[in-house]
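Chains as they are written, first to last, in my numbering: chain A, 13 to 91; chain B, 11 to 332.
Be aware that a few hints might be false.
Stated by the list, open to error - Below, in silico cross-link-like pairs of lysine-lysine (DSSO-like), each with a Cα-Cα straight-line distance of 30 Å or less:
#  : chain 1 : residue 1 : chain 2 : residue 2
1  : B       : Lys73     : B       : Lys302
2  : A       : Lys24     : B       : Lys301
3  : B       : Lys211    : A       : Lys80
4  : B       : Lys50     : B       : Lys211
5  : B       : Lys301    : A       : Lys23
6  : A       : Lys70     : B       : Lys196
7  : B       : Lys211    : A       : Lys84
8  : B       : Lys302    : A       : Lys53
9  : B       : Lys182    : A       : Lys24
10 : B       : Lys212    : A       : Lys23
11 : B       : Lys196    : A       : Lys84
12 : B       : Lys203    : A       : Lys84
13 : B       : Lys302    : A       : Lys23
14 : A       : Lys24     : B       : Lys196
15 : B       : Lys73     : B       : Lys168
16 : A       : Lys23     : A       : Lys80
Unchecked claim - Label pairs and their in silico Cβ distance ranges:
#  : chain 1 : residue 1 : chain 2 : residue 2 : range
17 : B       : Glu274    : A       : Lys82     : 41 to 49 Å
18 : B       : Lys212    : A       : Asn44     : 24 to 32 Å
19 : B       : Gln18     : A       : Ile43     : 52 to 60 Å
20 : A       : Gln33     : B       : Tyr239    : 49 to 57 Å
21 : A       : Lys89     : B       : Gln18     : 44 to 52 Å
22 : A       : Gly40     : B       : Asn82     : 50 to 58 Å
23 : B       : Lys212    : A       : Phe39     : 25 to 33 Å
These aren't lab readings, by the way, just hints derived from the structure by calculation.
Beta carbons: idealized from backbone N, C-alpha and C, even for Gly.
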Amino acid sequence: MIIEIIGSGCKKCKMLYDLTQEVVSDFGLSINVLYSTDINKIVNMGLISSPVLTINDKPVLVGILPSKDKLKEIISKNI
Amino acid sequence: MNIFYPVQLLADWLTYSIFNIVPNTTLAGVINFFIYDVVKIFILLSVIIFIVSIIRSYLPPEKIRVILSQKNKYVGNIIASFLGIITPFCSCSAVPLFLGFVQAGVPLGTTFSFLVASPMINEVALVLLLGMFGWKIALIYIISGLIISILSGIIIGKMKLEKLVESFVYEKIISRSVELPLITRKERIIYAKDYTLDILKKVWPYILIGIGIGAWIHGYVPADFLAQYAGGDKWYAVPLAVLIGIPLYSNAAGVIPLVSALTEKGVAMGTTLAFMMSVTALSLPEFMILKKVMKTRLIFIFAGVVGFGIVVTGYLFNLILM
Chain A
13 MIIEIIGSGC KKCKMLYDLT QEVVSDFGLS INVLYSTDIN KIVNMGLISS
63 PVLTINDKPV LVGILPSKDK LKEIISKNI
Chain B
11 MNIFYPVQLL ADWLTYSIFN IVPNTTLAGV INFFIYDVVK IFILLSVIIF
61 IVSIIRSYLP PEKIRVILSQ KNKYVGNIIA SFLGIITPFC SCSAVPLFLG
111 FVQAGVPLGT TFSFLVASPM INEVALVLLL GMFGWKIALI YIISGLIISI
161 LSGIIIGKMK LEKLVESFVY EKIISRSVEL PLITRKERII YAKDYTLDIL
211 KKVWPYILIG IGIGAWIHGY VPADFLAQYA GGDKWYAVPL AVLIGIPLYS
261 NAAGVIPLVS ALTEKGVAMG TTLAFMMSVT ALSLPEFMIL KKVMKTRLIF
311 IFAGVVGFGI VVTGYLFNLI LM
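All chains should be modelled from the sequences, with the hints used to inform the complete structure.
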């Protein structure tokens, strides 16, 4: 499984990346969370907000920085 | 009747009964003013941001793009500016938004109308204007903001500046429709609640500091003290206010209560409006980020056209509201 955060490199994107890493390690998963600043990836998916969180290349979170609980819920629903 | 009368009662009770400050002193005035404004602004922020977030959950930028790519030029500029009011804008999204709009066939001018209106007419600024200046000034701000974004977009569209957009942008055309994660009504309400709390968490220190300094100025700076430096008859006040506003973007929440106090002490209203528009619409970090997709000249033209519109608005209201 691949979890990736894609963003324009702004503060919100970095915070989402850190939060995702925390959640992944809370779940005890041994997954590498990827971080990309390649905006074209976002646009190619047809999206236009940043940051985006994808699980196996499917966007599950678009343009917001969720609370930790909300993020846990989203990740557990999609793995 | 003033719907905030109960807030005034609360402020009076806290000032005179709890803090035991002698009534009719400058200190009592300052403390009372501070409590009243803080409580009022936080009530307004909670209610209005919540409502705007609910509306917004139906209109994410991905949907707005579909709407805008189907409209002709002038109608597009107008709709883009109106949609900009309810859309949040974080400089994080400036680049994907620009790419996503242009590559889906939204005209350059329409895209710029949206890029101007979205940060300029935002709900936090509106609440603070409403709370500190009243509905008339808030309305003047919205209408002038809309006119500036519509006209800036039309002018930039007419100038045929597509060649100043980085060439890779036009190399690809993307599909306009996209499957977004579905949301239920319950999730919309949760989203709106979270978003409201999120904004409150982010802006409360600025608002407290802004209103705090504002309350101090309100009580201790002599009336009309600033008129000699920034009154309506000082020609340089408007452009200077616009220049000072450019690097202040992230502090819009603290800036508005502060300028409200400055206006009371003699800064002309048009100058104040121009300053607030500059704080919200012209943002240095956003310009830096936009360099990824457009040539520096286009950023200067964009800032120049919008800045000119703001300066004209400032002079205009200095004349009208004198």
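Hint check:
At roughly 24 Å between alpha-carbon atoms, Lys73 (chain B) and Lys302 (chain B) fall within 30 Å of each other, so this suggested pair holds. Restraint check for Lys24 (chain A) and Lys301 (chain B): satisfied, since their Cα atoms lie roughly 19 Å apart, inside the 30 Å limit. A threshold of 30 Å between alpha carbons decides the hint, and for Lys211 (chain B) with Lys80 (chain A) the separation of about 15 Å falls inside it, so the pair holds. Distance restraint check for Lys50 (chain B) and Lys211 (chain B): the Cα-Cα separation of roughly 16 Å lies within the 30 Å cut-off, and the hinted pair is therefore satisfied.
Restraint check for Lys301 (chain B) and Lys23 (chain A): satisfied, since their Cα atoms lie roughly 18 Å apart, inside the 30 Å limit. Pair hint Lys70 (chain A) plus Lys196 (chain B) holds up; C-alpha atoms about 23 Å apart against a cutoff of 30 Å. Between Lys211 (chain B) and Lys84 (chain A), the direct Cα distance comes to roughly 21 Å. Compliance with the 30 Å bound is thereby established for this hinted pair. In summary, the hint linking Lys302 (chain B) to Lys53 (chain A) is supported, as the alpha carbons are separated by about 15 Å, within the 30 Å threshold.
Annotation: proposed proximity of Lys182 (chain B) to Lys24 (chain A) holds, straight-line Cα distance about 27 Å (limit 30 Å). The hinted pair formed by Lys212 (chain B) and Lys23 (chain A) meets the criterion: a straight-line CA distance of about 13 Å does not exceed 30 Å. Distance check on the hinted pair: Lys196 (chain B) and Lys84 (chain A) sit about 18 Å apart at the alpha-carbon level, within 30 Å; holds. This hinted pair checks out: Lys203 (chain B) and Lys84 (chain A) have alpha carbons roughly 18 Å apart, not beyond 30 Å.
A distance of roughly 17 Å separates the Cα atoms of Lys302 (chain B) and Lys23 (chain A); the hinted pair therefore holds under the 30 Å criterion. A hinted pair counts as satisfied when its Cα atoms are at most 30 Å apart, and Lys24 (chain A) with Lys196 (chain B) qualifies at roughly 25 Å. Straight-line distance between C-alpha atoms of Lys73 (chain B) and Lys168 (chain B) comes to about 26 Å, which keeps the hinted pair within the 30 Å bound. At most 30 Å may separate the alpha-carbon atoms for a hinted pair to count; Lys23 (chain A) and Lys80 (chain A) meet this at roughly 17 Å.
Look at Glu274 (chain B) against Lys82 (chain A): about 43 Å separates their beta carbons, and that is inside 41 to 49 Å. For Lys212 (chain B) and Asn44 (chain A), the hinted distance range of 24 to 32 Å is satisfied, since their beta carbons lie about 30 Å from each other. Gln18 (chain B) and Ile43 (chain A) have their C-beta atoms about 56 Å apart, which keeps the hinted 52 to 60 Å range intact. Between Gln33 (chain A) and Tyr239 (chain B), the C-beta spacing of about 51 Å keeps the proposed range 49 to 57 Å intact.
Here the CB-CB span from Lys89 (chain A) to Gln18 (chain B) is close to 48 Å, well matched to the stated 44 to 52 Å. Evaluation of the 50 to 58 Å hint for Gly40 (chain A) and Asn82 (chain B) yields a pass: the beta carbon distance comes to about 55 Å. For the pair Lys212 (chain B) and Phe39 (chain A), the beta carbons lie near 28 Å from each other, so the given range of 25 to 33 Å is met.
In the structure shown, no violation is registered for any of the earlier numbered hints.
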